[in-house]
Amino acid sequence: MNFEIIADNLWFLLSAALLTIKITILSFIVALFISFIVGTMRCEKIPNSVEKMLSIYVEIFRGTPLLIQLFFIYYGLPSVGINMPGFLAAILGLALNSAAYMSEIIRASINAVPMGQKEASFVLGYNRFQSLLHIVYPQAIRVAIPPLMNSFSSLLKESSLVSVLAITELTRIGNLIYTRTYRAFEIYLTLGIIYFVMTYTVSVISKKIEKRINKAYVS
Amino acid sequence: MGNQILTIAGLNKSFNGVKVLQEINLDVNNREIISIIGPSGSGKSTLLRCICKLECIDSGVILLNGRSIYQKDFAKKPGTKIGMVFQQFNLFPHYTVLENIARPLMTVRRIDKESAIETARTLIRKVKLENKEASFPRQLSGGQMQRVAIARALAMNPDIMLFDEPTSALDPELSGEVFQTIIDLARDGMTMIIVTHEMSFAEEISNRIVFMDHGMVIEEGNPETIFHSPEKERTLSFLKRIRLIS
Ligand SMILES: Nc1ncnc2c1ncn2[C@@H]1O[C@H](COP(=O)(O)OP(=O)(O)OP(=O)(O)O)[C@@H](O)[C@H]1O
Ligand SMILES: [Mg+2]
Chain F
1171 MNFEIIADNL WFLLSAALLT IKITILSFIV ALFISFIVGT MRCEKIPNSV
1221 EKMLSIYVEI FRGTPLLIQL FFIYYGLPSV GINMPGFLAA ILGLALNSAA
1271 YMSEIIRASI NAVPMGQKEA SFVLGYNRFQ SLLHIVYPQA IRVAIPPLMN
1321 SFSSLLKESS LVSVLAITEL TRIGNLIYTR TYRAFEIYLT LGIIYFVMTY
1371 TVSVISKKIE KRINKAYVS
Chain L
429 MGNQILTIAG LNKSFNGVKV LQEINLDVNN REIISIIGPS GSGKSTLLRC
479 ICKLECIDSG VILLNGRSIY QKDFAKKPGT KIGMVFQQFN LFPHYTVLEN
529 IARPLMTVRR IDKESAIETA RTLIRKVKLE NKEASFPRQL SGGQMQRVAI
579 ARALAMNPDI MLFDEPTSAL DPELSGEVFQ TIIDLARDGM TMIIVTHEMS
629 FAEEISNRIV FMDHGMVIEE GNPETIFHSP EKERTLSFLK RIRLIS
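So the sequences go chain by chain: F and L. Residues in the first sequence are numbered consecutively from 1171, following this note's numbering. Residues in the second sequence are numbered consecutively from 429, following this note's numbering.
I should point out that these hints are in silico values taken from the structure, not numbers from a laboratory. Some hints could be false.
Unchecked claim - The list that follows gives simulated cross-link-like pairs (lysine to aspartate or glutamate, EDC-like), each with its CA atoms no further than 20 Å apart: (1) L:Lys481 <-> F:Glu1289; (2) F:Lys1215 <-> L:Glu483; (3) L:Lys447 <-> L:Glu460; (4) F:Lys1288 <-> L:Glu527; (5) F:Lys1192 <-> F:Glu1328; (6) F:Lys1288 <-> L:Glu648; (7) L:Lys481 <-> F:Glu1214; (8) L:Lys509 <-> F:Glu1289.
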């Protein structure tokens, strides 16, 4: 056992953890944006062909490994002339993958708002957009927050995979320290602890938010 | 006729090929109160939903103040507005009582906040819920919720109010306060179409009763005639079934 290696590289590891957080938050924001659009569209009357395309997107990204998606975006797309830096490929891959799951959460949450709410707003003269913005979303978001927090945790852990795109996030830095020192036990134990502390923090925050939502709804 | 507010002529409506409304003709005069009665599934709700454009129709015309409700600029013109009150209230749970009434005015009519709140307060007083304006719907009784729903519809200043079984979701002792609110509206001269299973209320408040069965208007007339000496056999057997005439 030699934890001096960890102490020596602590600053290195913590800044890598910070990058992991940045990647997670950035791709989560992009995923939220995509999933709201996709989830909302799939609840509305849209042309069949568009609905088909959206459902293919969701099925493909949920039905294939994230690792393959990342390789495809970073190494595969250049063959058809689409080049992007590793960081962008990482954000895009993570966001597209999470959004496939999150759009289903958004869709289910919108569908959980009773039909009568839309009808009441329509009879009062709201147009579709006003009805979504003022009546449907505020109610759907309450339902969506707990599972979305869950998606955030998953994203945090899955961001570990973008280490294969040579991005110096937490896992990549751990691997680099390992190839210099060969202290697998200490290094990977530390990585696990850092990831756990991060996801645990997220779950504590999400429980607090859930409690607050429930309180507002029950009282 | 001059004072006709709503005209329905030759209205047909089907769901997936099944005819739900057939050749409906109905004229509603200014300040008239019409109750629609009939067995479950006879198309009463569907008729109201067609009038407030929650359902599209197969054929026929619906005119409000002589103008088709399907005209493009229908909702924007003054004097072409329809209020709807649902069985399940459908209040917005994330808004307070005051917001339920004021927010639609701000969002749809673009009325500034102060005037919207002023209008909302006037209507809250009208339905006697002064001490509840800051409550959320979940903190109200069913009868109170329905009165808020009525106030919310009234805030849009409609020419006609539609009620779809406004008391069916309520305990009998709470129905009374909603009936009272509707009676107050009648006294103010509001034109109304009420779908209800409460026959004594219908008889008391209505100028005219419309009996529907299988998507058709079978018979219409004043309450006295319909309830005590209906012409049609189907009306009679329906009333017998609900034990009004033995
Ligand atoms: N969205 C719909 N899709 C298919 N069929 C429908 C739909 N809405 C209503 N119907 C059918 O249309 C017919 C009339 O229904 P409607 O709700 O208008 O009856 P109702 O007179 O209001 O009955 P109740 O007294 O039970 O409320 C019924 O046979 C019903 O099953
Ligand atoms: Mg009905």
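* Which hint numbers does the structure go against, in order from smallest to largest? -> Hints 3, 6 not satisfied by this model.
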